[in-house]
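Position 201, counted from 1, in the sequence shown is what the working numbering calls 201; the numbers after and before it change by one each time, with no gaps.
Hints are computed from structural coordinates only; laboratory data are not their basis. It is possible that part of the hints are untrue.
Label-pair restraints from in silico Cβ distances [what the hints assert, rightly or not]:
{"#": "1", "residue 1": "Ala48", "residue 2": "Gly186", "range": "22 to 32 Å"}
{"#": "2", "residue 1": "Thr8", "residue 2": "Pro181", "range": "49 to 59 Å"}
{"#": "3", "residue 1": "Gly112", "residue 2": "Thr282", "range": "28 to 38 Å"}
{"#": "4", "residue 1": "Glu206", "residue 2": "His165", "range": "28 to 38 Å"}
Where is the CB? At the ideal position from N, CA and C, for every residue including glycine.
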Amino acid sequence: MTPRHDETAYVVALDVGGTGLKAALVGAGRTLLHQARRPTGREGGPDAVVENVLAFAAELREAGVVRYGAEPVAAGIAVPGIVDGATGTAVYSANLGWRDLPLRDLLAERLGGVPVALGHDVRTGGLAEGRIGAGAGVDRFLFTALGTGIAGAVGIDGRVEPGAHGGAGEIGHITVRPGGPECGCGRRGCLELFASAAAVGRAWAEACGDPEATAAGAARAVEAGDPRAAAVWHDAVDALAEGLVTAITLLDPRVLIVGGGLAEAGETLLAPLREAVRAKVTFQHVPTIVPAALGDAAGCLGAGLLAWDLLSAEVASL
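Given these sequences and hints, build the entire structure.
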């Protein structure tokens, strides 16, 4: 096995999204050496997405061989949905149509037998933020991704807690509005129905009468002083603070890292969010609330970290 101190060693890292694939070569210094993107191709069905992922990984491997004259030492892949990292199975993904997919084995075979680590997309992004991003050096953090839905990653001493069954961090399904609309999960009033980027976009589209309106547009309108946007934003921030206070009560994080599409609004989101959280807590310690630092590179960096961690574990077991 290639030793970890070899500066020419690299891993293949993939971040699989509902609409796009991001891939990278990640070096021993945990830096992005090469990056590439392409559509997921989910319109072709689940099997086509699998083949696109495997072919993309093979292309990255070839790029690494050409650039460094050596094979990758491992690979890491982050996917949405329910993930069983121990068995290397993508158990279920509504967006991609996967069920019980042995993705780790398929990827290892396509890459010539290298070790492969499989992780959940948000927890993997949280791992990167916790190790080399906004949570670096923090003993306990909570990473929250506000995108199409809302999910979280619980960070403890440089690792991310998967939970007993791979479901830790699903804060988007905390009930914040009892009796509210039904969520796709089957419950009512879930946080992501009110404070995800998708939810804010829907609310703003209804408020302004433009069916193409987005959460980013709502943020711009808030900054411009539009009272309709301010009302939409206030409702979303209040719901988000409600869910986060529940998470803070249970987890007591030192730092709360906010990422995802909605967080691109920066202080337009974070300033009122800090105020709303402070207003809702009673005995709880309010964590430091900061923006994510790695942007959309977090997934690939996290997948690379999973791969390097896998190598470390294998070396330690020898």
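For this session: Could you tell me which of the numbered hints above are not met by this structure, giving the numbers in increasing order?
Result: 3
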